[in-house]
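A.B. asks: Put together the whole structure using the sequences plus the hints.
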Amino acid sequence: MARVVVDVMLKPEILDPQGQAVQRALPRLGFEGISDVRQGKRFELEVDGPVDEATLARIHELAESFLANTVIENFTVRIEEVAEAVK
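Residue numbers (the numbering used here): 1 to 87.
Just to be clear, a hint being listed does not mean it is correct.
Pairwise CB distance ranges (calculated) [what the hints assert, rightly or not]:
| id | residue 1 | residue 2 | range |
| --- | --- | --- | --- |
| 1 | 66 | 2 | 18 to 24 Å |
| 2 | 73 | 30 | 27 to 33 Å |
| 3 | 26 | 47 | 32 to 38 Å |
| 4 | 60 | 21 | 30 to 36 Å |
| 5 | 24 | 62 | 31 to 37 Å |
| 6 | 54 | 21 | 37 to 43 Å |
| 7 | 81 | 17 | 19 to 25 Å |
| 8 | 39 | 80 | 16 to 22 Å |
| 9 | 71 | 48 | 31 to 37 Å |
| 10 | 13 | 42 | 19 to 25 Å |
| 11 | 26 | 50 | 40 to 46 Å |
| 12 | 71 | 27 | 31 to 37 Å |
| 13 | 18 | 76 | 18 to 24 Å |
Don't read these hints as lab results, they were simulated from the structure. Heads up, the beta-carbon is just placed ideally off N, CA and C, and yes, glycines get one too.
C.D. replies: In structure tokens form, the structure reads like this:
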């Protein structure tokens, strides 16, 4: 089994009110020196079998048509190593 991760973020020119709210709260919580915060989404897709170029292409298509609003968001697709559970 493999895991494919799709990270979705607002494009840089799009206002991110949730990220701004977090940034403004950080100094009150004792976290100084953070100049910007952007909020996004992470999707983890567990894939049966090996992840080849065709599988990645289908997941890219899924991300582009369903997971991200490409008018205002960018996305990346990557394979993530899955650690074996220790018994």
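A.B. asks: Hint by hint, which ones does the structure fall short of?
C.D. replies: Structure breaks hint 7 only.
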